[in-house]
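All chains should be built: construct the whole structure from the sequences, respecting the hints.
Residue numbers (our numbering), protein chains in the order written: chain A, 1 to 147; chain B, 1 to 147.
Errors might be hidden in some of the hints.
Just so you know, same-sequence chains aren't split out, so a pair can sit in one copy or run between any two.
[As the list claims (entries may be wrong)] With a straight-line cut-off of 25 angstroms between C-alpha atoms, the simulated DSS-like cross-links for lysine-lysine are:
id : residue 1 : residue 2
1  : K98       : K108
2  : K44       : K34
3  : K108      : K33
4  : K44       : K33
5  : K98       : K44
6  : K108      : K87
7  : K36       : K87
8  : K87       : K44
9  : K98       : K36
10 : K8        : K38
No lab work stands behind these hints, which were simulated from the structure alone.
Number of protein chains: 2
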Amino acid sequence: MSKGMFHKMLDGNLPMPNAAQTLGAKILEIDCKKGKVKVEFEAKEAFTNPVGNIQGGFLSAMLDDTMGPALAVTLEDNEFAPTLELKINFIAPAVIGKLYGWGRVVSKGASVCFLEGELFQEGTLIARSTATALIRNFSSSAKKQDH
Amino acid sequence: MSKGMFHKMLDGNLPMPNAAQTLGAKILEIDCKKGKVKVEFEAKEAFTNPVGNIQGGFLSAMLDDTMGPALAVTLEDNEFAPTLELKINFIAPAVIGKLYGWGRVVSKGASVCFLEGELFQEGTLIARSTATALIRNFSSSAKKQDH
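What follows is the structure, given as structure tokens:
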């Protein structure tokens with residue numbers, strides 16, 4: 001996705017991708033220079049575990065959807081950046097309702113990028129994440145099938 | 001959840017938790033002694049990223065739902081085990097359709113447990129995960145709010 005596409009999503013002129021819509025994601029802020037985004041999420045009953053808290057995997061999906069866009073807004077139109085590795089620390093349980101997350105590019109090399117994110121609910125830090133992503137461009141990646 | 005509850009889910013006599021249902025999860029095999037489960041998932045259009053592959057976060061949610069049950073089937077009725085840390089390596093893209101995952105207890109101490117899982121689609125290894133979980137029991141945890 002290009003920077004322009006993210007700005008259209010921010011303005012409500014372009015629908016969010018399916019996975020983001022499922023998570024009730026709404027982009028609140030974009031900083032294309034720093035590689036930082038703030039995103040609102042809606043944790044639904046469909047995401048709950050047997051004790052009624054939000055299953056950790058869905059919190060991971062939300063964090064993936066803060067760090068991915070944080071890097072994507074810094075990319076050129078012919079580039080994309082699959083996540084190679086994602087690590088989450090679960091700090092406090094989350095319940096049904098709104099969550100707020102931010103994602104940030106910690107370091108962006110020619111191809112290797114390190115990202116981080118945090119997820120909050122009513123001011124409480126719920127989970128923290130780091131990720132490693134690799135920048136590729138559409139022409140060179142046509143030869144490879146894996147990423 | 002107790003071992004008995006998992007066996008009822010395996011036999012179709014108890015519905016899966018909401019998060020598992022959202023992921024189209026169906027328990028195929030349980031080994032309570034080894035702490036190992038095999039789970040089928042249904043990757044839906046609602047989980048796709050802008051290029052039509054399954055968003056990594058939803059693959060993480062599936063892996064969380066293999067490793068969590070692998071440990072849970074070994075626990076006593078008064079015990080539960082929140083995940084403290086989850087790490088995923090994304091190896092190949094997944095598309096809409098069925099995935100198969102297994103989760104396994106690598107090591108189970110008095111409280112600290114290490115888990116691993118793998119997710120496949122049509123024989124291709126899609127993602128691999130490790131997790132750290134902490135066994136608690138319902139009575140002692142009443143004093144603590146964090147996990």
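Checked against the structure, which of the hints given earlier come out wrong? 1, 2, 4
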